[in-house]
Each structure stands twice: as C-alpha cells, then as structure tokens.
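2 protein chains.
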Amino acid sequence: MTVVLDHSRNGVDTQQMYGTLDAIKAEPSLGTFQFRARNHWIDGAHNRSTIQGFYGAGQEDRSRAHAFSLDAGEPAVLLGTDTGPNPAEYLLHALAACLTTTLVYVAAARKVRLTEVESTLEGDMDVRGALGLSDEVRNGFTKIRVSFKVRGDASPEKLREVVERAKARSAVFDMVTNGVPVEVVAD
Amino acid sequence: MTVVLDHSRNGVDTQQMYGTLDAIKAEPSLGTFQFRARNHWIDGAHNRSTIQGFYGAGQEDRSRAHAFSLDAGEPAVLLGTDTGPNPAEYLLHALAACLTTTLVYVAAARKVRLTEVESTLEGDMDVRGALGLSDEVRNGFTKIRVSFKVRGDASPEKLREVVERAKARSAVFDMVTNGVPVEVVAD
Chain A
12 MTVVLDHSRN GVDTQQMYGT LDAIKAEPSL GTFQFRARNH WIDGAHNRST IQGFYGAGQE
72 DRSRAHAFSL DAGEPAVLLG TDTGPNPAEY LLHALAACLT TTLVYVAAAR KVRLTEVEST
132 LEGDMDVRGA LGLSDEVRNG FTKIRVSFKV RGDASPEKLR EVVERAKARS AVFDMVTNGV
192 PVEVVAD
Chain B
12 MTVVLDHSRN GVDTQQMYGT LDAIKAEPSL GTFQFRARNH WIDGAHNRST IQGFYGAGQE
72 DRSRAHAFSL DAGEPAVLLG TDTGPNPAEY LLHALAACLT TTLVYVAAAR KVRLTEVEST
132 LEGDMDVRGA LGLSDEVRNG FTKIRVSFKV RGDASPEKLR EVVERAKARS AVFDMVTNGV
192 PVEVVAD
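Keeping their order, the protein sequence lines are chains A and B. Numbered per this note's numbering, the first sequence spans residues 12 to 198. Numbered per this note's numbering, the second sequence spans residues 12 to 198.
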C-alpha cells in the first residue's frame, strides 16, 4: 500500500510552515525582519518603486534574482496621466493582499481547504484635505470597507472564524487600523 | 515678440491645478472621492488586485480604459513563491509614492522646479506577531524610516519646507501614521 502524504494545503506547504514556526519559536531573533522600498520620481504624479532585498530569518535575503518595479500615478482629474494606480489605491491593495494571504495561511493551519477568496475594498476620501483646501477634513480615507467572499470545505461559521483570525493577525490590517510611527528625513 | 507661457512645472499643469482647486473651493462636494480595489486569491501567498473605476469630482470616473493589475506574493522564507512584492512592501511603496507626488505638487504650487526626488524606505517587523507566535509584539511594522533626497532650483531650506508640507498633506502618510477605521464583512 502506498500512502501519499500531501503536504500542501491552499498552496501552502504545511510541513514547511510548521518547520518555520518551530524554528522561530526556538530562536525568536529569527523573527526580526526589515522590508524596504526605493522610489524615484519620474515626472508629475509618475514615480516608481523598486523592491528587492530584505533582511529576515537571521540574514540578508538574496533569493530574489530581480527587483519588482511598481509605477504609481494619478488619473487626469487628480492632475496625473494615469501611469499607474494612485498611492491610496496601492494602500487598498496592500490591505486586501495581506488579509487574503493571512486568511489563506490561517486556513491551511486549521485544515480548511479554500476554493475561493475574493474581496472588494472601498475607501472614502475628501480630497480637500490632501489638496490643502480644508483643515477640517483629514488627508486620508475617513473609512475603508472590506467585503470578503470566502468558500471552502468548512461551515460558514468556521470560515467566518478564519476571517476573524486573519484580521487579528494581518500585518497591514494592524498598520492601517492602528498606525505606525514614521520618521522622515530629507537632505 | 512672442511670449511663451509654460503652464507646466515638474510635469504638473499648474493652470489645471489652480482650476481644480478653484472648482473644489466653489463646490466642496466635488472633493468627495471613493477609491476601490478588487482582489482575488490565486494560490498560496499569490493574489491579485484589479483597480480601475473610482468616484470623484461629482461623478463616476470612467477615464481608465483598462484596469491596473497588481500581483502580491511572499518570498520563500515566508512560505510563498515570490509572485510579487509582499503586502507590507506594497504599503511602503504606497507611502513613498504618496509623499513623492504630494511633494511634487507642493513644489509646483510654490514655483520650485525639481530636478531629482528619491527616497528609500525601511520598515521593521517582528514576524512573530503576524505568525501568531507572540502576543507581545505587534503584527505590523514597529517603525518606518523614510529618507528623501530632493534637488531643485531652491535653497536647501526651501526644499526642506516642501518636504515638511508634503508630510502635512499626504493622504497615505496620514493613514499610515494615524490609522483608519476599517470595517470587514464576510459572506
């Protein structure tokens, strides 16, 4: 008799996942990461970030052969030429991506096989803040709404628990809801 | 004698900029915007957002002929296959892009011609939070550092003022430093 051990669930290698968790539990300093981006202005609202190296798991990670390149822009109504999503839209994507990946990892750990995860995000902004026309409205979104559709081999209740756990563990959800100290220096 | 009126500064049409500001001043409801993203899970840490329509300036904006598509991922050490920048890196890009565009617009309004704007960003994270290994560390970055290099036809002091004003008006800087209420629903 052949027993096939499938170590993958939701595209996550669960053997590797438990190994990673055990390694960091045994040596907490392996959990120290630093992520980075470099950005340069091109013209008007068009600028580009390159993202490649990072520090993590006790060393400078050099596994990425090429840098990722991300172009930002603004639509015409906000004085750009639509060279990419605008920065606020990138923030929505960061939030969607982080909640989704966290949800997928949580499901893998809880033995839930997912078949579908979709989300739609909306952020409300009064641009009078960012345009300097009003000090009574904030610059950023006043509110973000995230609506998930999650399907898998578990009860609706269990799937909702997975979403709740994703909220409780997502790095970007934490940052967007609680804020992060940002130091800006210029030369 | 021919007088050439150059309405562009830093790639920003300043005539259009002042027109937009005047229009929103006269009718504040034109400042109401809603930005959106749709995300779907592909496999493991790989998911993709599409970004196209938004509401703003009193109407549903349909100026984008195509959707932007953004792929997220995680490097191998974080259990992915490097299908794109990770969500926290996307957040750094959103912050860099927003500070840069705001800086470029502020400079255009203040008659400063920029020649170079570059920034490097670093975010420190103890991944034991997001991995559920510790309740004593937060999930997201504990700190973000942004370092700008800004060059143009103004004094270093004036250029630093432009950076300060960009911090004071950037939508994503506001959101990342102060946080935003996020509502998550799942079905």
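Mixed in with the good hints, there may be bad ones.
For identical chains, the list gives no copy identity; a pair is met inside one copy or between any two copies.
Unchecked claim - Here are the computed lysine to any residue pairs in the SDA-like style, where the Cα-Cα straight-line distance is at most 20 Å:
id, residue 1, residue 2
1, Lys154, Gly190
2, Lys169, Pro86
3, Lys36, His77
4, Lys36, Ser145
5, Lys36, Glu147
6, Lys122, Asp24
7, Lys122, Leu32
8, Lys154, Thr31
9, Lys178, Val88
Simulated from the structure, these hints should not be mistaken for lab results.
- Message: Treating 20 Å as the Cα threshold, decide for Lys122 and Asp24: within, between, both or neither.
- Response: Only inside one copy: Lys122 and Asp24 sit 12 Å apart there, 55 Å across copies, limit 20 Å.
- Message: When Cα atoms must be at most 20 Å apart, do Lys36 and Glu147 count as within-copy, between-copy, both, or neither?
- Response: between (47 Å within a copy, 13 Å between copies)
- At 20 Å max between alpha carbons, let me know whether Lys169 reaches Pro86 within a copy, between copies, both or neither. neither (41 Å within a copy, 28 Å between copies)
- Message: Within, between, both or neither: how does the pair Lys154, Thr31 come out at a Cα-Cα threshold of 20 Å?
- Response: For Lys154 and Thr31, the Cα distance exceeds 20 Å both inside one copy (36 Å) and across copies (24 Å).
- Task: Can you give me the call for Lys178 and Val88, within, between, both or neither, at a CA distance of at most 20 Å?
- Result: Neither: 34 Å inside a copy, 22 Å across copies.
- Is it within, between, both or neither when you check Lys122 against Leu32 at 20 Å Cα-Cα? within (16 Å within a copy, 54 Å between copies)
- For the identical chains here, do Lys36 and His77 meet the 20 Å Cα criterion within one copy, between copies, both, or neither? neither (31 Å within a copy, 46 Å between copies)
- Query: Given identical chains, is Lys36 near Ser145, meaning Cα to Cα at most 20 Å, within a copy, between copies, both, or neither?
  - Reply: between (49 Å within a copy, 9 Å between copies)
- Query: Taking 20 Å as the upper bound on the Cα-Cα distance, should Lys154 and Gly190 be classified as within, between, both, or neither?
  - Reply: both (14 Å within a copy, 10 Å between copies)
Violated hints, in rising order: 2, 3, 8, 9; the structure is consistent with all others.
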